[in-house]
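Assemble the whole structure, with the sequences as input and the hints as a guide.
Taken in order, these protein sequences are the chains called A and B. For the first sequence, our numbering gives the first residue as 1, with consecutive numbering after it. For the second sequence, our numbering gives the first residue as 1, with consecutive numbering after it.
Hints were generated in silico from the structure; no laboratory data involved. Just so it is clear, CB atoms sit at the ideal spot from N, CA and C, and this is done for glycine as well. There's no promise every hint is true.
[What the hints assert, rightly or not] Once the Cα atoms are required to be at most 30 angstroms apart in a straight line, the calculated DSS-like pairs of lysine-lysine come out as:
no.	chain 1	residue 1	chain 2	residue 2
1	A	Lys-102	A	Lys-141
2	B	Lys-221	B	Lys-243
3	A	Lys-196	A	Lys-243
4	A	Lys-268	A	Lys-398
5	B	Lys-428	A	Lys-102
6	B	Lys-196	B	Lys-296
7	B	Lys-102	B	Lys-398
8	B	Lys-196	B	Lys-102
9	B	Lys-428	B	Lys-398
10	A	Lys-221	A	Lys-196
11	B	Lys-268	B	Lys-296
12	A	Lys-296	A	Lys-243
13	A	Lys-268	A	Lys-243
14	B	Lys-196	B	Lys-243
15	A	Lys-102	B	Lys-196
16	A	Lys-196	B	Lys-196
17	A	Lys-268	A	Lys-196
18	B	Lys-102	A	Lys-141
19	A	Lys-196	B	Lys-221
20	A	Lys-141	B	Lys-296
21	A	Lys-221	B	Lys-221
22	A	Lys-196	B	Lys-296
23	B	Lys-391	B	Lys-428
24	A	Lys-102	A	Lys-296
25	A	Lys-243	A	Lys-221
26	A	Lys-221	B	Lys-196
27	B	Lys-141	B	Lys-196
[As the list claims (entries may be wrong)] Facing chain A, according to a computed beta carbon distance under 8 angstroms, are these residues of chain B, among others:
no.	residue
28	Cys-38
29	Gly-142
30	Cys-145
31	Gly-156
32	Gly-324
Number of protein chains: 2
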Amino acid sequence: MRAGPNYRYEDVAQFITTLVDNGTLVVGARAPSLRAVCRQRRISLSTALQAYRLLEDRGVLEARPQSGYYVARGRTSALRTPAISQPPAEPTTVAISGLLLKLMEYAGDPALVPLGCAIPSAELLAAGRLDRLLARAARVKGLRCNTYTEPRGDAGLRREIARRATQWGQAVSPQDIAITCGCTEALSLALTSVTKPGDTIAIESPTYFGVLHTIEALNLKVFELPTEAATGIDLAALAQALKMRRITACLFASSFNNPLGCTMPDEKKHAVLEVLARHEVPLIEDDTYGDIYFGKERPTPFMALDRRGSTIYCSSFSKTVAPGYRIGWIATGRHMQQVLERKHALTLCGPALPQAALADFLASGGYDAHLRRIRRAFQQNIAQMTRAIEKAFPEGTKVTRPAGGFVVWLELPRPLDSRVLLAQALEKGICFAPGDVFSASDRYRNCLRLSCAHPWTARIERGVATLGALARSQTRP
Amino acid sequence: MRAGPNYRYEDVAQFITTLVDNGTLVVGARAPSLRAVCRQRRISLSTALQAYRLLEDRGVLEARPQSGYYVARGRTSALRTPAISQPPAEPTTVAISGLLLKLMEYAGDPALVPLGCAIPSAELLAAGRLDRLLARAARVKGLRCNTYTEPRGDAGLRREIARRATQWGQAVSPQDIAITCGCTEALSLALTSVTKPGDTIAIESPTYFGVLHTIEALNLKVFELPTEAATGIDLAALAQALKMRRITACLFASSFNNPLGCTMPDEKKHAVLEVLARHEVPLIEDDTYGDIYFGKERPTPFMALDRRGSTIYCSSFSKTVAPGYRIGWIATGRHMQQVLERKHALTLCGPALPQAALADFLASGGYDAHLRRIRRAFQQNIAQMTRAIEKAFPEGTKVTRPAGGFVVWLELPRPLDSRVLLAQALEKGICFAPGDVFSASDRYRNCLRLSCAHPWTARIERGVATLGALARSQTRP
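Shown next as structure tokens:
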């Protein structure tokens, strides 16, 4: 297929590639039809077809039957992806809380370019239909709902969650689901149900700072596992740790781990479950990002693969439709009684009307269409972000290629210090998450996470450019 | 004022007293006007006035300027009030969780006569205006509110809470307030901010089982103080405990303690604060019921009296307007950073729209009128309940006379076992809270708490009668 540039079809392929490279055509966008290309470039249909097949071979376009050609991914980025992480081989006490409340405050500050917290923007989510259902529930169900929910939370909502889970082969009874205040409460309930203070939890590294903060608040220790940006934890390292140490539980993101975006392939998930079963160690699964996949199929959660029933599944609606509603859930058969006891003791139950409204929203259909729309939006944002990073950041910067979610992780050439960079960025009105808060062992100082959770604008483009310039001036010899 | 029964005004006074005794006139109800009494009883205005003054002297009626005469309280009940409690003089590990989830489930079961959980009925609260404001907020503010709130919660709501607190002399900045998931989360954040597992907390005895459950979940011990049904804890016992033991914090209800209904007089509150200051022990104040007072003035919270700033104040809107909204708050200057850190780690933040709606509700006025209405309703319910108890329960039953809130506490003659009574009552479709769950030391087996949180109906009247009959058959020799 190698061909000189003077072949017509190669010219056409180059033209389409340029459109993708400069952002005119974003990931998932429909490419010009063959007929349109023939007309515009004054070529024959067979030449156009030859060009598009070349682009398919190169992975720039993909054909969809009866639909046409679509941009398969951004151009092959010149940036490398980060290598597998190398955390310490010892359990670590967690103490990262200092900066986190600040990051939350920055996230609420409209004056800052929002590259910090992984909170999808309300404009992008466009959850007006859910709000209208809440308004209706408040009018129609206000009297009925002005009381505490049953301990597990709204029964209708739990039914809808159970019904959706069957789509990806997860058989869970509404009785085995409890509604929580976001995934944060789900994870804290899961952790306290299977651990006591001082215990050690094995986690991915880097891992979401909110999880580290929960672990810190519960006085647990972490054992950070080497983690690869595409396929997740190092299985051998996990097996070794379980053999050599007292690991009380594992806490892994099943899909599109925040911040790396990694997802373990199914075989690896099976292998993880097997080694955990051998050591009788429970798995806490954080599947917050599972619905935001860019590929053809939703990754399968551990819980759907676990025949032993030792997985405690945690997720939420905060990343897909309603961060403002604070509704998450926890699914577990074996540990439900402990979970309910602790929930009753610490928060009693969540508010009734938002749960009723979300149940109505799920029951009325349209959530899948909503998910398709936001997946496309996040995928396009990541493509734009990757392009902007490549333009602006210093040579040698590595960046992840997540297949879902809406964050990217950057590894910058040393001696970059992302805390220093953050201070400089805040002065320029830009916020991001510095790398070290994703580790309990003060790693990743030269890394940072950028959120792609807002619609792409010139302001964000400029923000990334400024951030890259600041990074360049820090890393320049 | 002593007069023979053949005086006309005494006849009239007896007639009105009968109306109060048989429940025709309930506490807070308006008595027939003087003119109406003259007409009905064919007496002169001066005789009517003499009768009503006698009833005032006897505390049956009270005159309200420019308004007329009102029933001051139920008739002097024949039942005695419980004596001061006698808990053990040793710290106790808490383990009461078994029954509590069941009690919550009973509370949600419409088939049961609802004398169990202290959850005000939605009919009685009639919070439709709040629901309409939620509907409006969902329509108007949905986009703005579909994100995480700032760490402390909705700023408008915190301003309104601070503004209301000034009414009873509590000067608190909105910056020193954080919104929580009901008073339960407020108390659990307060406890974890000043204690670590294994520490001992001094509490009232009996005390609300939810508080005991929170303490149990946090692996704390309790030191239960002797507590009197009108004026609260035994100050000398507190002073002694602080002197002799390592008490890390105290947790007291400032007003209308659940279940006793006791309120410490201001001088006692001052004395408590003084002895706590001497030992540098912080006070966690649970003021959930403070707004539901039947007297002329709201009791002053500890926080308003504490010049040292060592009180952590917790309250909620669950008892006064919206159990279904799950909105409480915690007020503290000194411990705010720890509170926010822990809240971030365990639940992140609460949902935004219910907070915005409640802020609108408070700002728009009318909450005070709402409170006046429900205070009257709860006071009447308690009067009806007391009367029904006296009719039905065995001789020797003692009952509290709360000056606020909506629960009464019964001490029955031994060998009554309230767990056995509960099992029998559930079979008859009646729910209540057995006495032992209000103690960490398996006390109060012969006690029970009845909730007066639902509008008084023949069904509830029958329920109390049945319960009394069951108790009688258990205590009969």
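Discussion item. With the threshold set at 30 angstroms, check whether the alpha-carbon distance from B/Lys-102 to B/Lys-398 stays at or below it.
Written reply: holds (27 angstroms)
Regarding the pair A/Lys-268 and A/Lys-398, is the alpha-carbon distance no greater than 30 angstroms? holds (25 angstroms)
Is it true that the CA of A/Lys-221 sits at most 30 angstroms from the CA of A/Lys-196?
holds (10 angstroms)
Take the C-alpha atoms of A/Lys-196 and B/Lys-221, compute the straight-line distance between them, and say whether it is at most 30 angstroms. Roughly 17 angstroms between the alpha carbons, so the hint for A/Lys-196 and B/Lys-221 holds.
So if I understand the rule, the pair passes when the alpha-carbon distance is 30 angstroms or less; does B/Lys-428 with A/Lys-102 pass? Roughly 56 angstroms between the alpha carbons, so the hint for B/Lys-428 and A/Lys-102 is violated.
Worksheet item: Was the hint right that B/Gly-142 lines chain A, CB cutoff 8 angstroms?
Response: holds (3 angstroms)
Satisfaction of hint between B/Lys-296 and B/Lys-196, Cα-Cα up to 30 angstroms
violated (40 angstroms)
- Message: Check whether the Cα positions of B/Lys-102 and A/Lys-141 lie no farther apart than 30 angstroms.
- Response: holds (25 angstroms)
Item to check | B/Lys-428 paired with B/Lys-398 [C-alpha distance capped at 30 angstroms] | outcome: holds (24 angstroms)
**Study point:** Holds or violated: B/Lys-391 to B/Lys-428, with C-alpha atoms at most 30 angstroms apart
**Key:** holds (19 angstroms)
So if I understand the rule, the pair passes when the alpha-carbon distance is 30 angstroms or less; does A/Lys-221 with B/Lys-221 pass?
This hinted pair holds, its Cα atoms lying about 25 angstroms apart.
Sort out whether B/Lys-243 lies within 30 angstroms of B/Lys-221, counting only the CA atoms.
holds (17 angstroms)
Going down the numbered hints, you'll see the structure goes against 1, 5, 6, 12, 20, 22, 24, 27, 28, 31, while the others check out.
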